[in-house]
Structure formats: structure tokens, C-alpha cells
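Okay, here's what each chain looks like letter by letter:
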Amino acid sequence: MLDFLVRRVAISVVTLLVISLIVFTGVRMIPGDPARVMGGTDADAAGLAEIRQKYGLDAPIPVQYLRWLGLALRGDLGESIRTRESVVWTVARKLPITMELAGLSLLIALAIAIPAGVFSAVRRNTVWDFLVNAASLCGLSVPSFWLGLMLILLLSVRLHWLPASGFVPPWEDLGANLRRMLMPAFVLGAGLAAVLMRQTRNSMIEILSADYIRTAWSKGLAGRAVIFRHAFRNGLIPVVTILGLQTGALMGGAVVTEQIFVVPGFGRLIVESVFTRDYPLVQGVVLITASTYVLVNLLVDLSYSLLNPRIRIGGGTGGG
Amino acid sequence: MRRTYRGTWVALGLAILALTAGPALAQKKTLVVALNQDPDLLDPTLSRTYVGRIIFAHMCEKLFEIDETLRLSPQLAAALPTISDGGKTVTIKLRSGVKFNDGTPMNAEAVKFSLDRHREMKGSNRRSELDPVTAVEVVDPLTIRLRLKSPFSPLVATLADRSGMPVSPAAVNKLGDKFATAPVCVGPWSFVERVPQDRIVLEKSTHYFDPGQAHFDRIVFRIIPDDNVRLANLRSGDIDVMHLVAPTDSLNLKKEGRFEVASVTGLGYTGITINQRNKTGKTQPPGDLGTPLANDPRVREAFDLSLDREAINQVAWDGQYTPGCTPIAPVSPFYDKSRKCPGRDVAKAKQLLAAAGLPNGYAFELTIVNDPQQRRFGEVIQGMAREAGFNITLRPSEFASALTDDDNGKLQAFAIGWSGRVDPDGNIHQFQTCGGSLNTTLVCDESIDALLNKAREISDQAQRAKLYREAIDKITGGRRNVLYIYHLNYIVAFPKNLKGYHAVPDGLIRIKGVSWN
Amino acid sequence: MAADRAGRLWRRLWRRPPAVVGAVVVLFFLGLAVGAPWIATSDPQRSDYGKIRKAPTAANPFGTDDLGRDNFSRVVWGTRISMQAGVFSILLAIAIGVPAGLVAGYWSGGVIDQLIMRLTDAWLAFPFLILAIGLVTIMGASLTNATVAIGLAATPTYIRLTRGLVLSTREEDYVQAARALGAGGPRTILRHILPNIVSALLVQATVSIPGAIIAEAILSFLGLGVQPPTPSWGTMLNTAQQFLETAPWMAWWPGLAIFSLTLSFNLAGDGLRDLLDPRDY
Chain L
1 MLDFLVRRVA ISVVTLLVIS LIVFTGVRMI PGDPARVMGG TDADAAGLAE
51 IRQKYGLDAP IPVQYLRWLG LALRGDLGES IRTRESVVWT VARKLPITME
101 LAGLSLLIAL AIAIPAGVFS AVRRNTVWDF LVNAASLCGL SVPSFWLGLM
151 LILLLSVRLH WLPASGFVPP WEDLGANLRR MLMPAFVLGA GLAAVLMRQT
201 RNSMIEILSA DYIRTAWSKG LAGRAVIFRH AFRNGLIPVV TILGLQTGAL
251 MGGAVVTEQI FVVPGFGRLI VESVFTRDYP LVQGVVLITA STYVLVNLLV
301 DLSYSLLNPR IRIGGGTGGG
Chain E
1 MRRTYRGTWV ALGLAILALT AGPALAQKKT LVVALNQDPD LLDPTLSRTY
51 VGRIIFAHMC EKLFEIDETL RLSPQLAAAL PTISDGGKTV TIKLRSGVKF
101 NDGTPMNAEA VKFSLDRHRE MKGSNRRSEL DPVTAVEVVD PLTIRLRLKS
151 PFSPLVATLA DRSGMPVSPA AVNKLGDKFA TAPVCVGPWS FVERVPQDRI
201 VLEKSTHYFD PGQAHFDRIV FRIIPDDNVR LANLRSGDID VMHLVAPTDS
251 LNLKKEGRFE VASVTGLGYT GITINQRNKT GKTQPPGDLG TPLANDPRVR
301 EAFDLSLDRE AINQVAWDGQ YTPGCTPIAP VSPFYDKSRK CPGRDVAKAK
351 QLLAAAGLPN GYAFELTIVN DPQQRRFGEV IQGMAREAGF NITLRPSEFA
401 SALTDDDNGK LQAFAIGWSG RVDPDGNIHQ FQTCGGSLNT TLVCDESIDA
451 LLNKAREISD QAQRAKLYRE AIDKITGGRR NVLYIYHLNY IVAFPKNLKG
501 YHAVPDGLIR IKGVSWN
Chain X
1 MAADRAGRLW RRLWRRPPAV VGAVVVLFFL GLAVGAPWIA TSDPQRSDYG
51 KIRKAPTAAN PFGTDDLGRD NFSRVVWGTR ISMQAGVFSI LLAIAIGVPA
101 GLVAGYWSGG VIDQLIMRLT DAWLAFPFLI LAIGLVTIMG ASLTNATVAI
151 GLAATPTYIR LTRGLVLSTR EEDYVQAARA LGAGGPRTIL RHILPNIVSA
201 LLVQATVSIP GAIIAEAILS FLGLGVQPPT PSWGTMLNTA QQFLETAPWM
251 AWWPGLAIFS LTLSFNLAGD GLRDLLDPRD Y
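Residue numbers (our numbering), protein chains in the order written: chain L, 1 to 320; chain E, 1 to 517; chain X, 1 to 281.
To be clear, the hints were calculated from the coordinates, so they are not data collected in a lab.
A couple of the hints might just be wrong.
[Said to hold, decoys possible] DSS-like, lysine-lysine: derived pairs with alpha carbons at most 30 Å apart:
#: 1; chain 1: E; residue 1: K149; chain 2: E; residue 2: K466
#: 2; chain 1: E; residue 1: K474; chain 2: E; residue 2: K149
#: 3; chain 1: E; residue 1: K149; chain 2: L; residue 2: K54
#: 4; chain 1: X; residue 1: K51; chain 2: E; residue 2: K499
#: 5; chain 1: E; residue 1: K99; chain 2: E; residue 2: K112
#: 6; chain 1: E; residue 1: K204; chain 2: E; residue 2: K499
#: 7; chain 1: E; residue 1: K340; chain 2: X; residue 2: K51
#: 8; chain 1: E; residue 1: K254; chain 2: X; residue 2: K51
#: 9; chain 1: L; residue 1: K54; chain 2: E; residue 2: K178
#: 10; chain 1: E; residue 1: K178; chain 2: E; residue 2: K112
#: 11; chain 1: E; residue 1: K174; chain 2: L; residue 2: K54
#: 12; chain 1: E; residue 1: K454; chain 2: E; residue 2: K340
#: 13; chain 1: E; residue 1: K112; chain 2: E; residue 2: K122
#: 14; chain 1: E; residue 1: K28; chain 2: E; residue 2: K88
#: 15; chain 1: X; residue 1: K54; chain 2: E; residue 2: K178
#: 16; chain 1: E; residue 1: K454; chain 2: E; residue 2: K112
#: 17; chain 1: E; residue 1: K122; chain 2: E; residue 2: K174
#: 18; chain 1: E; residue 1: K279; chain 2: E; residue 2: K410
#: 19; chain 1: E; residue 1: K29; chain 2: E; residue 2: K254
#: 20; chain 1: E; residue 1: K88; chain 2: E; residue 2: K499
#: 21; chain 1: X; residue 1: K54; chain 2: E; residue 2: K204
#: 22; chain 1: X; residue 1: K51; chain 2: E; residue 2: K255
#: 23; chain 1: E; residue 1: K348; chain 2: X; residue 2: K51
#: 24; chain 1: E; residue 1: K337; chain 2: E; residue 2: K474
#: 25; chain 1: E; residue 1: K512; chain 2: E; residue 2: K254
#: 26; chain 1: E; residue 1: K499; chain 2: E; residue 2: K29
#: 27; chain 1: L; residue 1: K54; chain 2: E; residue 2: K410
#: 28; chain 1: E; residue 1: K255; chain 2: L; residue 2: K54
#: 29; chain 1: E; residue 1: K454; chain 2: E; residue 2: K474
#: 30; chain 1: E; residue 1: K474; chain 2: E; residue 2: K340
#: 31; chain 1: E; residue 1: K499; chain 2: E; residue 2: K512
[Said to hold, decoys possible] Residues of chain X clear of chain E, computed beta-carbon distances all greater than 10 Å:
#: 32; residue: R15
#: 33; residue: V20
#: 34; residue: A36
#: 35; residue: I52
#: 36; residue: P56
#: 37; residue: I96
#: 38; residue: G110
#: 39; residue: D113
#: 40; residue: L115
For glycine and all other residues, C-beta sits at the position ideal for the given N, C-alpha and C.
If we strip away everything but chain L, and leave its shape as in the complex, we get:
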């Protein structure tokens, strides 16, 4: 077990290093001169040279990379060009918002997907199964930005049930916060629910026909007890895997959703920083996004042992 842990963590570290390399070179490849962006239109040659020196832009690329990496490991990701705020502080302020959004979408998605998935697995090949499948397909096929716009049109403009957008911190006014998060969380959650629904159904079916379940049945355990106590826990494993992989999709989906519902979260930050060529911000933000994904998946892998110690956990099963 320890051997596995060490190995798994080592892999994650290597992955993180590769990520940092990709992020750094990627940002350098964005057309435009960072010094000019920082200096503004009135900067002359002397001013630009000064900026280059101050930010170390005149050093060779590998040196710049190592310098940046060194600072990053110490928690200093530089300053945003636009606002002169520290990148870490900007992220620290926005990430919780997106996490709240993601968390709520996850809740909504699970609340929809798991009952639906279990239900359709148990009532396999009936009308219910068909309907659930249809709903899941629709959920996968609807473009989220279209769904978001339609919801705003219906629920905010026409019916005035929910506010169109914005964000109120939960500690300021929990009710207002939730009312504003409901639509974006639903839009994000719908897509996720569609994926989870099918996965839950499939893995429940597999489990239900597995040997140890049959054994439990033959021992006389009641149906529902069997489902909840045995099947569920094991059925959760692939679902948890998917969740880990879907973190990325969730963050990506958050980008569009936050744009439409004007949620000042992480997704919007990413788009804005790319569009405004705010290099330090882009670097820091993308690095954090990717690292979060790696860490989440690390946790997912480690949680396997909690769900089913009998599962053989070796390297290279290649998930997904």
C-alpha cells in the first residue's frame, strides 16, 4: 500500500512539472510582447528596457522558467498586469466562488443522476429506462450556453423568479447567494448529470449481476438492502472515477456558464486573463487549474482503497 502511494505521488509530481513546462512555454507563445502590454502605448524604448529588466524578461527562457518555478513553489505567482494585485490573492478570491458553483452543480447532478441511474438499472429495459436514457442524451446534447440563455429568458426576464446574474457572498446573504447560483449550477449540473446517469446505470447493472450480489440474494437479503449496502458502494467506484475526470469538464463548463451568468469566478478569470494578455495571471491561473485536476485525481485513486480494498490497484490501467 505504501509502495503504491509513493509511486502514485511521484507520478503526480512529474506530471505537475510537465504541466508547469507546458504552461510556461504556452504563455510565451501567445503573440504579443509582454513588455509592451505591461508598458502600455506610451512606453518608449527606455521604458520597455526597464520593464524587461524588472520582470526578468531579458533573461534566456530556461532561466526565466526556473526563476518562475522557484517563485511558484514558494507561493509567489507574480502580479496581475492589469490590477497590480498578486496573482495568488486574485485566485484565492475567485476560486472559492467557482468551487461553490462546482459543488452545487455536483449536488444537483448527483441528486438527479444517482436516483435516475439506479432506478433505470433496476427497471432495466422498461419505459422508465428508455425515458431516463433519453433525458441523459438530451442533457449531453444541449449546448450549455444555449440552455443558460433560455433559462435566463424564462426564469428571470419573463417570470422574475430568479435574479439574472451576479454574485453575493454566502456569508453576506445566503438566500441571495443561493438564488443567484441556482440557474448556473443547474446548467453545469445538467451536463454532468447526463454523464453520471448513464455511468451509474451501467455500473449498477454490472454489479447487480455480479456473483457476490447473487450470493447476498440467495442468502435471503431483501432487495433494497442488497442494493444499498453492497451494490451501491461498489457501483460508486466508476462514478467516482468519472467525477475525477469530469473535474476538468466542470472547470471548462464553468467558463461559459460564468460568462453568461456573470459569476465572478475562476472560469471568467481564465477567459479574461487570456483575452487581456495578462501573462502572469494566465500562467498562475492555468497552473492552478491543471494542478487541481492532478490532485483531485490523485485523491480519487487513493479513495479506491476506501471503497473496495479488493480492487487491484496497480499502475497503468489508463482509466477514462
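Add chains E and X to chain L, keeping to what the hints say.
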């Protein structure tokens, strides 16, 4: 098992209750204004964005102010300045009893400190505006004197904007170049906090000399770049005042009848800037771009003739903006009412192209700012020019990087505007003179320079107007480095029970004096 | 033998109406894309300034847009863009991903495998959309770049998939048997793996393609994809946003088009998966 289930239902019920509870009624005392862009640094010396000026209008007042007719009046000054010494000395008396929003007094020392900062601080974006000023002197605690290297008529108008905004020396000394994180000036409201890309919060100042004008305890500026979302928020009541209503939406809003829609023709212009000699950067020597568009005036004239300004305004803006062919704003006393804009003449355009050796047409790239309004504008131009033989490729680009590319000579043609200044000099000089700080096309004509330089030195309005007319004739009829197409109308919408709003041609939202009915 | 197998598959396909519907609709859209010049009733780029934002009529069955262009023609021509972006991007992903996965899987455990896997892990750590946005920002906004960006963003999935298939196929009895008989090396693996790979790839593609179509729509929606005046469903939706209340038809048809095409791919993909997977669900 049962207990947990009931517990869950109770929790669910409470959650639903929380969700449907009515909105807080604190709104009345807090006004929410939605802007379409996040300002850059909230420092009058460094700021470059138009929306920044809207924030400043509430927390950083200036020496002089304009009204709906562009008449200049004193704001933090006590009276209009005294000009002497052939126009080279400007003496300004300051209003007494004015305090910065940190309680420190605004006196001549503080104003000198601020003006010097605008002129000299590294990275200042006010330097070129205040270039003619050679020295600022303190005459007495409430009087300052500016020494100019040559007479400069636009000075007072310049001091009615960011260059004339005093900043608190105490705050500057404490924060240094981080002043923008907690700016302190003179204003009915003062800065509270800022969440980038989300909001800027101001609250009523306890130090302002005329507190009766501030009828709201707080103003929250929310940043909502998307036009639809901003409009949806206005309709649902989440915001009170909406900045920059899209022209296509303004007609619907007016029809709806729930909101007041104030439209005013702005001080600026939007046109197409055509790069002629900028090869490696605007601070580098000019070079030959080698393209017919840059080198042959007939090609530019053909392009000009392929456009129908009235139709563009009708199709792209539902007729809500103001077509034009001059950099001077229609509301300005210097506007030439007799100027006729060229009409569309596709036949002549084709002839010109043929004469220029391009009988089969010509292709070039037009860079536009990446937003829905500008994209539509670009597409209309693309369609119109196609008939004359121009094959235009549209290249949407983000605003700041497009400006940088423009500076660096990377663009062939750029659909861009200028928010405009009160004095016509502010709309022409920096763009059209040799070595002008915003002359990214690197055109240079001594005769035009002479006209523009003379116009900024003399003070007689009629004479100045005549000089500008001549210069603009040469620019729009000759070298065509900028094709002026329209003047943006600033359209602001707010609930009908908000009273006291005056739409000033600079388009800035001013909440001072505004209140609920 | 093959014909017999194909016949069996065909019959099984018919037993699943949704899959058939899906396949038919996909083919329909394919037909629209190919036959656009003949099916579209007018020039999708021709503006009629007198007919701005007009509701659907006989002459303009889907109405007109904000520049007076016929929406029906634009939706039909837009099919080309969506199909192109959807299919070619995934083809690119397969073209890069499968060889990489084969190499990684065949020499699994070695340095090359580790290198490829770490790169893939890192690649996958970037959310799909963000990667696409970043790539287009670097390369510049155009349909080609958007297609390439989407393809590159989708590649790691195919690397992983192929590698996994190689590994699991290697353990299969018949492959072991073949090796025991002396047939070793890449050719054997390839001969046995390829059929497995083809069916798994097809299934994955029918999942990836709808994702790619939506990704192109999102990129165009953000202004990073197709450039005007070329009609794309994503850009049409972007423009339609401004006129949701006054000209909702501008949003219905492109939105419906994206939805039906994506749904059909998903349905067909489901059917395909059922077909090729021996287990009966």
C-alpha cells in the same frame, strides 16, 4: 432510518424557503450601475480606460467640469482661469474649504503635487496632454499658476478631465505606485473596495464640501461585459442604471415604456484607421509597407467611396448613432455644419481601383474589436466594400492587444474609435501630427501640422474653426489615414422614477444630483 | 464470414430504432453539408438591407438575420462548418493519438511509455475548453485553427484509449497463444489489436464528435472560431443573443441544429456501442 428521512425533508423545506425569500430592501439607498468593461488602474495619472472616467466622476472631481452644451465651468477651481502673458501663463484660483476623502485639505500645494505627478511620474499617461506645461507654481494657498511653453487653448478643457484631478499627497506618499488599490481624491463618494471583473464600491464621503448632492449612501459599479446579460439585469431590477445600451436594444426599451432611455451624441468618433508608414513601431522611423492600400491614395479613396455612411448607421445601429465624416463632435461649437459627407459611388470606386492597377479587386485585412456591435459593423463594411472590388478579411481582436498591434505597425486597417475630448484639439492633434503620440499610421504633412499647431495656440473660436476645417479637408479629402464613419451615441437606461439625470456628451454617467422620485 | 457478421450486425441495429434514427439524421446532415450549394435557397452572405430581422416567410423559411441575410441558407451552409470542425478535429486526434498510444502500449513500462503517459496526464489536466481557448489564442482565430485546437485538446483521450486497448489485448489468451507459437512482435499485436481498436475508436468518436461540434460552437460563440461572413451555428447563436426577444427565430434554428446533430451522433453512438459490445444491456 425514518428519523434521517424526516430530517432531510425538513432541511429541504428550509432550503426552499430560503431560496424564495424576497430580496433585501437595502436597494433604495444603494444605487447599482452596470458598466460594460472593467476599468484599468483607478489612478488618474495612469488610467487609460473610458470606463475609469465614469468611476472618477464620482470619487475624483476635477478643476473644471462641462455641461450638456460643453460649456466649461469651475468644479474644484473657484472660477475660470486668468490667462495672461500672451497665453503663456494660466492662473487658477482654487475653491476653499475642500478636503480630500481622507480628510487632508486640498490646497495649492496638493494641486501642484498632483499636476506634477501627472506630468512627470514614470508611466504617466497624462504626460502628452500636459506637454505644453513647463512649470506649476504655488502663488498662495488657494492659487496656482501654470507656465506654458506656448499658448495652448485646449488647456482648460484638458483640466476638465483626468489631468485636472487632484490626488491626496498623503495617500500617494503612503501607497506609492499602489495608489490605485486605494485611491483618495475629492468627490461626493469615496472608494471602498474593488473586486476585479466584478464590482467597484463607493460610499458617501464625509469630507465632501457639498454633501447634499449625493443622494445615495453607496454606489456599486458592477462590471457586466455582455450586453444581453446587462440588459437582462436591468429588466429584472438587479441593476438600476445601465451604461451603453446597445442601439438595437434601445428601441425596444423605449417601446416597453418602463425605462427612461437617454441618448446623447458623444464627443468622439469611430472610423477606420489605415496604416500608411508604420512598419516596426510608432516610435521607430517610418517605412514603406509596400501595399497599394498604404501607398496609393486612390485605393483609399475607392474604399471611402464604397461606403454608405447613412446605410451603415441604419443597418448596424438601427439608426441610433450619428453618421459623420469628421473627427469633431456634432455638439461642439467647432463642428462644421456645412460639411457634406461623401456618398456611396461604387462605379467611381471601381474606376479608381482600376486606375491604381487593381482592376480585379484588392484584398486586405480589417482588424475589429471583438464584440458583437463591432463585428456587425465590420460585416456591413465588408459587404459594402465587396461590391467595389475589395475583398476584406475581418480579424476580430481583443481591445488591448489590438491597440498594441496598432502601435507596433502590425495592422493594415483598424476599425477603432476615440472617446473624444471637449476641445477639438484632443480629437485631432495627437493622431494627425508628425510624431503625435497617438499617430500610429506615421503620416506626416508639415502643412497640416502648421494648421493644427496654430489652432491650438490662438483662442478666437471662429479662427480656430476655420483652421480645423482646412486641416480636416486635407485629411479626409487627401491622405485619408483615418476614414471617419460615425459618432457613437451614449445610450443610458434607468427606471423612470430616477430623477435628475443629465446626459452630457462625454457620455459619462453622473450620479451627483440624481435621486429617486 | 465477414458478410455474415455484417448481416448479423445490421439486423441487430434495426432492433434499436433510436440508433437508426440517429444514424439517419447524421446522414441527413451530411447530405446537407455536401449538398449545401444546391439545397440553400440563396447566397448566405448576401445582405438585403430592407429585410433586417424579418420573421419566417415563404421566401425566408427561417427568417432573416441582423444584416438581412437568409437564415435558412446560413443554417444549411453552417452544417459544413460544424461537420468539418466536428469530424476533422477528431480525425486529427486519432491520427496523433492512436500511433502514440500504440507505441506507449507496446513498449509499456519503458521510458517512452513513461514519457508519453506523463505528457498525456499533463495534457488531460487542462480542461478541454480552456486548452482549446489557449491554443486558438496562440494560433489566431479561424476555423482551421479552431479545428486543430479542438483536435489537439481531444488527443490525450485517444492516446489513453489505444494504450489501454493494447495492454488488455496483450493479455488475451489468443494473443498469448500466438506468441507461444512463435509469432511475436508488432505485427501480431497489430493484427489482433486493430479490430478491437477500430470498434472502440468508432464508439469513442461518436462520443467525441458531438463534443467537438459543441466546442466549435462555443469557440465561435466567444469569437475565437469561424470569422465573418462565413456562417457558423456558433456565431449565429452569438449574434442571436442580442435579439432573443425581438427575433427569437435567429436563435431557434442554429440552436436546434446543434442539438439535433449532437443528439443524433449520441444516439448513433449508443447504437454502435450496443452493436459492438457483446454484452447485452
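Self-check item: Non-interface claim for L115 (chain X) versus chain E (Cβ beyond 10 Å)
Solution: The claim stands: L115 (chain X) keeps its Cβ more than 10 Å from every Cβ of chain E (closest is about 35 Å).
Quiz item: Are the Cα atoms of K88 (chain E) and K499 (chain E) separated by 30 Å or less?
Solution: Not OK: K88 (chain E) and K499 (chain E) at ~43 Å, beyond 30 Å, violated.
Quiz item: Does the alpha-carbon distance linking K149 (chain E) and K54 (chain L) stay inside the 30 Å limit?
Solution: Measuring from Cα to Cα gives roughly 34 Å; hence the hint is violated.
Quiz prompt | Pair hint K174 (chain E) and K54 (chain L), alpha-carbon separation not exceeding 30 Å | solution = 22 Å, holds
Self-check item: Restraint check for K54 (chain X) with K178 (chain E), where alpha carbons must lie at most 30 Å apart
Solution: 53 Å, violated
Quiz prompt | Pair hint outcome, K51 (chain X) versus K255 (chain E) [Cα-Cα no greater than 30 Å] | solution = 21 Å, holds
Practice problem: Decide if the proposed pair is consistent with the structure: K178 (chain E) and K112 (chain E), CA atoms, cutoff 30 Å inclusive. | Solution: The given pair, whose Cα atoms are some 20 Å apart, holds under the 30 Å limit.
Quiz prompt | 30 Å limit on alpha-carbon distance, applied to hinted pair K149 (chain E) and K466 (chain E) | solution = 24 Å, holds
Quiz item: D113 (chain X): least C-beta distance to chain E exceeds 10 Å?
Solution: 40 Å, holds
Quiz prompt | Hinted pair K454 (chain E) and K340 (chain E), Cα distance within 30 Å | solution = Satisfied, since the Cα-Cα distance of roughly 25 Å is no more than 30 Å.
Quiz item: Is the nearest CB of chain E more than 10 Å from the CB of R15 (chain X)?
Solution: 41 Å, holds
Quiz item: Keeping to a limit of 30 Å between CA atoms, is the pair of K255 (chain E) and K54 (chain L) held or broken?
Solution: 55 Å, violated
The structure fails to meet hints 3, 4, 14, 15, 20, 21, 28 and 35 from the earlier list, while all remaining hints are met.
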